[in-house]
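J.: Take a look at the letters that make up each chain.
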Amino acid sequence: MKIIDTANDIAALAAKMARPDVIAAYPITPQTVIVERLAKYVENGELDTQFIRVESEHSAMAACIGAGASGSRTFTATASHGLLLMHEMLHWAALARIPVVMVNVNRAIGPGWSIWSDCNDSMSQRDTGWLQFYCSSNQEVFDTLVQAYRIGEHSDVMLPVMVNYDGFILSHTSMAVDVPEQQAVDDFLPAFKPGWKLDVDDPVTHGNIIGPDYYMEVRYDMHQAQQRAKDIITEVGSAWGGIGDSYGLVDTYRCDDADMVIVAMGALGAEAHRAVDELRDNGTAAGLARVRVFRPFPREALQAIADHAEMVVIDRDISLGMAGVLATEMQAALDAEIHPFIAGLGGRDVTYEDIMRIYELAEQGKEGWYTVEVQ
Amino acid sequence: MKTTTSKPEKAAMGKTGSWRVFRPTLDEEKCIKCWRCWIFCPEGAIERNDLPCIDYDFCKGCGVCATECPVDAITMKREEK
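These protein sequence lines map, in sequence, to chains A and B.
Under the working numbering, the letters of the first sequence match residues 1 to 375, in that order.
Under the working numbering, the letters of the second sequence match residues 1001 to 1081, in that order.
I should point out that these hints are in silico values taken from the structure, not numbers from a laboratory.
Since this is a predicted model, take the numbers as computed values, not measurements.
A portion of the hints provided could be inaccurate.
What the hints assert, rightly or not - As a list, the in silico BS3-like pairs of lysine-lysine whose alpha-carbon atoms are at most 27 Å apart:
#: 1; chain 1: B; residue 1: K1002; chain 2: A; residue 2: K197
#: 2; chain 1: A; residue 1: K193; chain 2: B; residue 2: K1007
#: 3; chain 1: A; residue 1: K193; chain 2: B; residue 2: K1002
#: 4; chain 1: B; residue 1: K1060; chain 2: B; residue 2: K1077
#: 5; chain 1: B; residue 1: K1060; chain 2: B; residue 2: K1010
#: 6; chain 1: A; residue 1: K230; chain 2: A; residue 2: K197
#: 7; chain 1: B; residue 1: K1077; chain 2: B; residue 2: K1030
#: 8; chain 1: B; residue 1: K1033; chain 2: B; residue 2: K1077
#: 9; chain 1: B; residue 1: K1060; chain 2: B; residue 2: K1015
#: 10; chain 1: A; residue 1: K2; chain 2: A; residue 2: K40
#: 11; chain 1: B; residue 1: K1077; chain 2: B; residue 2: K1015
#: 12; chain 1: A; residue 1: K230; chain 2: B; residue 2: K1015
#: 13; chain 1: A; residue 1: K197; chain 2: B; residue 2: K1007
#: 14; chain 1: B; residue 1: K1030; chain 2: B; residue 2: K1060
#: 15; chain 1: A; residue 1: K193; chain 2: A; residue 2: K230
#: 16; chain 1: B; residue 1: K1077; chain 2: B; residue 2: K1007
#: 17; chain 1: A; residue 1: K197; chain 2: B; residue 2: K1010
#: 18; chain 1: B; residue 1: K1060; chain 2: B; residue 2: K1033
From just these sequences and the hints, can you work out the full model?
T.: Structure, rendered in C-alpha cells:
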C-alpha cells in the first residue's frame, strides 16, 4: 500500500509493525510526533505493547535496557539533547548486548537553542557500540527500521541499533512510501531470542564486577560483532528487497567512471543525487557515495571507490579542534585523495546548487567550512 | 556472543564483614523485637532468631539498623584493630 506521510509518522508505523513488547520514550523536538503516534496506536488498540512514560531520556533508555534484559523487544526515539542525556545508558545497552532499536532525529546541540538538522548529536555517540544508520528518504526510514530489528537481534550481532534521519528535512516532510502488509513484516522478523535474560526460575545478573582478566575479551567480542554486522546488514538488506527497497552499507550513484565522488550522509546524500545529475549534464564526471551505515564503518566499500576516484566529503558535524567526523575517519581508514568540507551545521540549508559549488571548490583544490571559510 | 553473567552464590566476593569500620552491637535488654533492623538491613545480614542475630561475617557496618531501631537498642562501635 502506498501512503504519503512524514518520516516521523512513517517511523511510528514501522515501529508498530515490528511489534515491540515495550516502548519507553520521552518527547523532544523534532521526534515528538513518533511518541505521540505510538501512544495513539496503544490508546486505540492497534498496538499491544507496554508503553512506559518516563521522566527523562536517561530513564527511557534504562527502561528499554531493563525490558530487553527480560527478553522483550523494545523501541524508543529521541533527538539532540535527549540523546546526549542517554549517553551513559547507550554504553550500557551495548555492553549488556541488548539490541534496543532507537530512532534519533538528528538535531543540533545548544546553546544557542537550535532545533534544526545537524549530525553532531549522533556523532557524539560514535564510540558507544551502537550500530548507526543514516536515512535519506521516508521509504528508507521505514525499510531501515524493520531491518534494524533483524540485524540487531541477529545472534552474531546482538547490539543496539540507532536509525538516524534529519530533523525537519525528513522528520516533518511528507513523502510517498510503500508500506508492506503486516504479514510480510511478521514473516521477515523472527521472534526475539535474547543472548541472555533475566528469569526468576533461573536467576542471573548482568553488570556485576568484571576484573581486568575478562574485560578486554568482552570488548573484543563487541568489536567483532560490529565487523560481522557488515555482512549481516547486506544480507538482511537483500532479504528485504522485494518487500521494500534493498540497501547496502554505501549507496552508490554514477560512481563507476567518476573522477570525483561526493561522500555524504542522510538528506545531504539525497540532495547530492540531484547535484551529480546536474554536474553530469554539464559534462563533469561526478559520482555519489552516500554512507548509509556509519557504524560499522564501511571501510572496504569506500576503499573500492577511493581506488579510482577522489572524494569530496561533506560533513554536517564537526569534531571541534579537528575536522568533520566522517572525513577524519575516511582519512584514517582509507588510502584516498580526500577534499573535506563542513556544511549545513544547525540546519543551514544545503541545496543541490551548494553541493555543485562545493564540488567546484574541491576541483580548485579548496576545502573547509562552506559559506564560512569558502563560498 | 560473549558476555558475562553471574549466578547467585553466597560470598562470591569473600567475607565482606572485613570491610566494616563500625560494629552494630545489640542491647538485648532494650530490644522490643519489632524487627525493623531485620527488614531494613540491605545486606540480609540479620537473622531472625529469638532476638535479632547479626552475621558479622557479612555485616559491612553501614548502620542502617541502628538508625532504624526505634528504641536505640543498636549502637555503632568502632572496630578494634
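J.: Are the hints correct? Go through all of them and say.
T.: Structure-based check of all given hints:
no. : hint                   : in the structure
1   : K1002(B) with K197(A)  : holds (14 Å)
2   : K193(A) with K1007(B)  : holds (20 Å)
3   : K193(A) with K1002(B)  : holds (15 Å)
4   : K1060(B) with K1077(B) : holds (13 Å)
5   : K1060(B) with K1010(B) : holds (15 Å)
6   : K230(A) with K197(A)   : holds (26 Å)
7   : K1077(B) with K1030(B) : holds (17 Å)
8   : K1033(B) with K1077(B) : holds (21 Å)
9   : K1060(B) with K1015(B) : holds (9 Å)
10  : K2(A) with K40(A)      : holds (21 Å)
11  : K1077(B) with K1015(B) : holds (20 Å)
12  : K230(A) with K1015(B)  : violated (47 Å)
13  : K197(A) with K1007(B)  : holds (12 Å)
14  : K1030(B) with K1060(B) : holds (23 Å)
15  : K193(A) with K230(A)   : holds (21 Å)
16  : K1077(B) with K1007(B) : violated (34 Å)
17  : K197(A) with K1010(B)  : holds (21 Å)
18  : K1060(B) with K1033(B) : holds (22 Å)
Hint violations for this structure: numbers 12 and 16, all remaining hints satisfied.
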